[in-house]
Every structure is written in structure tokens, then in C-alpha cells.
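Starting from the known structure of chain A, arrange chain Y on it as the hints suggest.
Chains A and Y supply the protein sequences, listed in that same order. When the letters of the first sequence are read in order and numbered with this note's numbering, they come out as residues 1 to 145. When the letters of the second sequence are read in order and numbered with this note's numbering, they come out as residues 146 to 360.
No lab work stands behind these hints: they were computed from the structure.
Partner residues are not named here, just some residues of chain Y that face chain A (Cβ under 7 Å, in silico):
{"no.": "1", "residue": "156"}
{"no.": "2", "residue": "158"}
{"no.": "3", "residue": "170"}
{"no.": "4", "residue": "174"}
{"no.": "5", "residue": "201"}
{"no.": "6", "residue": "203"}
{"no.": "7", "residue": "229"}
{"no.": "8", "residue": "235"}
{"no.": "9", "residue": "241"}
{"no.": "10", "residue": "257"}
{"no.": "11", "residue": "261"}
{"no.": "12", "residue": "337"}
{"no.": "13", "residue": "343"}
{"no.": "14", "residue": "344"}
Label pairs and their in silico Cβ distance ranges:
{"no.": "15", "chain 1": "A", "residue 1": "116", "chain 2": "Y", "residue 2": "311", "range": "48 to 54 Å"}
{"no.": "16", "chain 1": "Y", "residue 1": "164", "chain 2": "A", "residue 2": "73", "range": "18 to 24 Å"}
{"no.": "17", "chain 1": "Y", "residue 1": "328", "chain 2": "A", "residue 2": "63", "range": "37 to 43 Å"}
{"no.": "18", "chain 1": "Y", "residue 1": "246", "chain 2": "A", "residue 2": "132", "range": "31 to 37 Å"}
{"no.": "19", "chain 1": "A", "residue 1": "69", "chain 2": "Y", "residue 2": "275", "range": "56 to 62 Å"}
{"no.": "20", "chain 1": "Y", "residue 1": "299", "chain 2": "A", "residue 2": "132", "range": "35 to 41 Å"}
{"no.": "21", "chain 1": "A", "residue 1": "70", "chain 2": "Y", "residue 2": "166", "range": "28 to 34 Å"}
{"no.": "22", "chain 1": "A", "residue 1": "131", "chain 2": "Y", "residue 2": "251", "range": "30 to 36 Å"}
{"no.": "23", "chain 1": "A", "residue 1": "131", "chain 2": "Y", "residue 2": "305", "range": "35 to 41 Å"}
{"no.": "24", "chain 1": "Y", "residue 1": "328", "chain 2": "A", "residue 2": "136", "range": "23 to 29 Å"}
{"no.": "25", "chain 1": "A", "residue 1": "112", "chain 2": "Y", "residue 2": "306", "range": "51 to 57 Å"}
{"no.": "26", "chain 1": "A", "residue 1": "63", "chain 2": "Y", "residue 2": "247", "range": "34 to 40 Å"}
Even glycine gets a Cβ: it sits at the ideal position worked out from N, Cα and C.
The residues making up each chain are set out below.
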Amino acid sequence: MTEPDGRDDPGEAAHPEAGRAATGRGTRNGRPVPLYVVTGGRSGTPGRRDPLVLDLVTLVVTRTSPVPPGMPPEAAALLRACRYPLSAAEISAHLALPFGVLTVLLADLEADGHVELRQTRDAERDAADTDIETLKALIDGLQRL
Amino acid sequence: MVCNDSEHPAPPGPRVEDRLPESAERSLKIVVVGGFGAGKTTLVGSVSEIRPLTTEETMTRDSVGVDDLAGVGDKTETTVAMDFGRITIDRRLVLYLFGTPGQQRFWFLWNGILEGALGAVVLADSRRLADCFPSMDRLEEDGIPFVVAVNVFPDSPTHPPDELRAALDLPDHVPLVACDARLRASGRDVLLTLLRHLYDSATTAVSAPDPSEAP
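Okay, chain A solo, but in the shape it has when bound (with noise of 0.2 Å):
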């Protein structure tokens, strides 16, 4: 869980990853705010039992409105941007956070009912699931172009 100020959570330091990744960077050479803050430290979502696969395409939409006080930067301005579904890959751009880092957000703002996640990556939806009436809307709609 991020603490609302954004610093690492106590019990996330014991984890083997967290204090490798903030030592990894250091100092803040240059960055406003280091991307290990961003992530309370982690790179991953270790403790969670289903882990959860965000895709570049996964639709990210706010569930939380207005933002909640307290909330650091980064995740506030994600829910601002998701007012209307986004793409995990469209937020990484605007909000030039690494898809990594954007993946340890995600998490914790789905955890906490913040932000709605439309189609996470898993077995079923794999490429070779695409259903073909999916791709008939994708042939329609690219004619219409």
C-alpha cells in the first residue's frame, strides 16, 4: 500500500526488491521526484495472490471523483487523465511515467477501488481468442475510415 505522502510503506522495505530499487537510484540526479517514490519503492506487486497483468491496451477508467485529498501527484494526475477510459500505454505517455513504474500505480489504485481496469491480460484473452465477430467490427470500422 503507497502512504499517502508517497514514501515507502515500513512493511514493503522488508521485501528484497524495494531496497534494491531505491538504492538502484540513488540520489535525485536531475529528477524532480525519483521513480522509486513513484512506486513506494517496489517493482512489482509482490503479496498479491492473482497478479495482475496490466496490458499497454488495458482501459483505465476513474472510479473516484473528486480526487481524493491527500493523493501524491502522480496518482492524482492519473485519475484527472481518466475521467474517460485511457490505455495504460496513452497514460504513460502523457504523464511520462515509465510503463514499469505506471503498472505498481495501477495496482494500488485498482486495489483501492480507485480507477476501474477494462480488460487486464490473462490466458483468455489471448490472440488467439479473438473472437471473429471482433474482427468483423474491426474490418467494418477500419472501412469506414
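Only chain Y this time, still in chain A's reference frame:
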């Protein structure tokens, strides 16, 4: 300036006219691959309804899985960039197109680029056909269906399709088309070629059951 949030006059995010419908629920992606300078970013830009955006991923040595570079430190980082564009198909469906700019060795190691992709467009420059071989090899390894689009540059030599096919060592079932990546209609036709190829494969698989089970 259209903005109702007086506290944050210009929050980062899409322009009002670039918003997806609230009902958008299913997103799909197509990957554009090929050699340096083949026109991948141009193709993404010409068909996209939004100004193309760039997302980045920083991969550490652990996730990359390449050989350790002795003496560099305990961790090697590689940043891979992806340019992408978007086409809203209908109220529900959105199609995204991803293309890595330039020739980046590690693009396919970005976990999630190829996984779940509908398919890929291999963009080839007919003056340097061999440049797209590594991409084609990668797609074949991963079982990602693809079509090959030869981007026709003004000074491109004109090759008959069968010569191109032979030069690319392309199996008969893989569609091959010529295109001008700068033109929206041409880029759209490349995507349609891929989607029709996927559609044909899907409907053939469904309508051709095992003969042994036929009555």
C-alpha cells in the same frame, strides 16, 4: 482552453477531442515491426486518429536476460521506446498500433508488446529487404500472425511480387502488399489486409472440422 478544473488548469491527459467514449471496453493491438527507416512510425502516424504518443519501459538486466556486462555494475538498464497511435472502431472497440522507432534490439523483450497482440505488420523497405528478417523470425517464434507490407519509396526498385516473396522467403499463406506508409488510406489497407487474413484464418479453422468427424 477548455478546462473546468480551476485548481489544475492544465492537467496532463488527452485533449477533450481525443477522449474515448465512456462505453469503450475492449482494446486490441497490432504491432508494426521492421528494420530501421522502413517507415514504422510514419505508418502509425498516418492511420492514427491521435497525434502519435511514445511510451517507454526501462528494463533491467534481470528482466532482459542478456549476458552480464562485467564491471558495469550490478544492474544493466535498457530503455525501449514504443510509438503508438489509436483508432476508435466503434462505441466499444478501440484499436492501438504500436511501432518501435528505429532498430531497437530489445523491443520484443518488453513483456506485453507481443502478448495478446492480434497480429503484426512487418514493414519492409524494398531496398533493404534483409532488415526485416529479425522481426519476422521473432514473430514466427512467438506464433504471432503477420502480413508483410513493402513500403514503396520514391527511389524504390520495382520488383514483381513473386520476386519479393522469394527474396523474403515468405510462405504462401502470408499476405504481401505494397503500401505508401505516408498515406492514411494506404496504411489503412495494410491493416485491413492483416485483419482479413486473421478473419480468413479464424473462419477457415471453424468451418473446416476434422474430416474424420464428418458424417
